[in-house]
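Given next are the chains, with one letter for each unit.
Protein chains: 2
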Amino acid sequence: MSDLSSAPARVQGSVRIVGAGLLGASIGLALRAKGVDIILDDASPSQLRLAIDYGAGRAAEPTDDPSVVVICVPPDVTARVIEAELAAFPRAVVTDVASVKLEPYRALLERGVDLTRYIGSHPLAGRERGGAISARADLFLGRPWVICRDAETPAWALSQVEGLALDLGTIPMEMTPDEHDRFVALVSHTPQLVASLLAAQLQDAEEGAIQLAGQGLRDTVRIASSAPELWVQILSANHAEVLPVLEQLSSDLASVISALRDPEVPGARRTIADAIAAGNTGVARLPGKHGQNRRFASIVVLLDDRPGQLGALFTELGEIGVNIEDLRLEHSPGANIGLAEVQVLPEVKQRTVDDLESRGWRIAEV
Amino acid sequence: MSDLSSAPARVQGSVRIVGAGLLGASIGLALRAKGVDIILDDASPSQLRLAIDYGAGRAAEPTDDPSVVVICVPPDVTARVIEAELAAFPRAVVTDVASVKLEPYRALLERGVDLTRYIGSHPLAGRERGGAISARADLFLGRPWVICRDAETPAWALSQVEGLALDLGTIPMEMTPDEHDRFVALVSHTPQLVASLLAAQLQDAEEGAIQLAGQGLRDTVRIASSAPELWVQILSANHAEVLPVLEQLSSDLASVISALRDPEVPGARRTIADAIAAGNTGVARLPGKHGQNRRFASIVVLLDDRPGQLGALFTELGEIGVNIEDLRLEHSPGANIGLAEVQVLPEVKQRTVDDLESRGWRIAEV
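Protein chains in written order, with the numbering used here: chain A, 9 to 374; chain B, 9 to 374.
By construction, these hints were calculated from the structure, which means they are not laboratory data.
Just so you know, nobody snuck in bad clues.
These stretches of chain A come out as covered by chain B in the derived footprint (C-beta under 8 Å, 3 or more residues):
#1 144 to 158
#2 200 to 212
#3 221 to 228
#4 235 to 246
#5 283 to 294
#6 316 to 322
Built from N, CA and C at the ideal position, the CB exists for glycine as well.
Working from the sequences, and respecting the hints, build out all of it.
So this is what it looks like as structure tokens:
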């Protein structure tokens, strides 16, 4: 079995983490599990103490000689901290995890900072909750880790950052700062803003409307609970790339609004249907959960809502020899029943359903 | 234990379902499990045959005398079918499940149709996939079922529709057609359109951008895979209520775009931060999954990715006597490890963690 802690660390030497919030503390937790010496620093003594208590690393000492510095501070101060850390630790590779890559890079170039030992990073991971208290060693598992090196980047420096990314269980991906910023404007920054603007319409909603809200709305606005302090920095730093996406969206929205003013005008319904169909095409491009309907087959089992039912179900699935690829438990408010939706490989579905039914489980129609 | 099939049906007599798609066939499946005689009809012979083969009901016969007719046809033809069914079955209560309630009601009133035996319904349930093939008896479990009666509605008719709603495991909620349409414009129709417009921006996305897409984007655009044919009808029928919400959203978007043109102008960052903060306030109003962080405590257990592991975990949770309120299984691409996030009542969390650890389970940091 391979997991986060079983393979030896690829990154060499001590790792200094500046900023012991969600990302910094999570990196510390994951690397410490591999035996790496982690030095933590934070402008807030209480945040630093919390992260150390939490097991994410130790306090800095005057004799520290880190081989890698990872800067996990808010985007607004990232460039300044990169410059300070490059000066303070002249043998270390310095990287950062800011969500915007071009602005800090350009600011440092303009100030004439030697960036040979700097490599920009961006792990595409996070949670709606921030702070060391929300940190978890598995935060990065399977997520992309963007690496922005340039022509001057020495191989030894690149291999340290790649090693760090692999140690955290991420998938390293090289791209330029321009590419990175254009990509995240589309798949991260714009969706964040759209979710926030949509959720904002619920602020003064009548209670009756809230009672009708379902999973569709919940999913659509989930990320709207993200922190304003952080996102104003990200959106401001990447405004040049976010703006064209928002302007296109605004123009598309204006077309639909115009069509909805009088849907009986010739062409109006076509405009609305085209907008929904364009969304179909767009969402179909995303891999992952959407692809699961094809990769796995779904079996829905009805369960009593009491201890041991899930245990019995999964024990028997183990006895049948079926591996569970994914699962979802649904609670039905007002019903003493649960639905366990189990994803299995398509080729074992029928056998699994038959075996479960012969053992007395009730399978819901799918 | 109460479940879908164990209690006797509250609805009296035969139920005729017109339109054997996702909703019609799902209603049929659920009521048949309670022994109700279900008569299916559909303009498409192949859809009808599929739903009958599927077990959702039987074909219509000339001697049918249904006591309830449930109309599950697209919104555009709902009013016409209501009128026809009221005429064809003069002793039946007629209801429909269209997502818009005022337009068909008003159209029938204008045509002078006697609506004494008509009661509008709207079960807030659905899937991105349509058709009888996607039907499931548990589709409605725990969801609201809106009932729009008026002053003329006789008690016997109301009790039939309420009985039907309860038989399907839904929560009946009475409101006027105006209220219903205003509420769903906000919590269903606008989110659908926003998800579609956002997803549409991905149509021509560069492959590198798609590779960076994460769960946040996936959730935000999930419902964008809904059917254009259906949604153009819903949005057109409810355009009067959807328009003001879209116009407010468009105006909010314009403010943010203006602020992002130059985030260094005084007040610009404040505008952006206010938009994100307003989204925080809006999303906090939604009950359900978002409230779970408060209602339940989370325990993340690391699992080997092989048969029997989940069974062993849940068996031991049963032995400990802990009820699992909800759970989520995460697969980590590239790692032979799974994360089972189990939600339990906060008061049993510490005991559960201690017991699991003493039994050798590895608990991830939360």
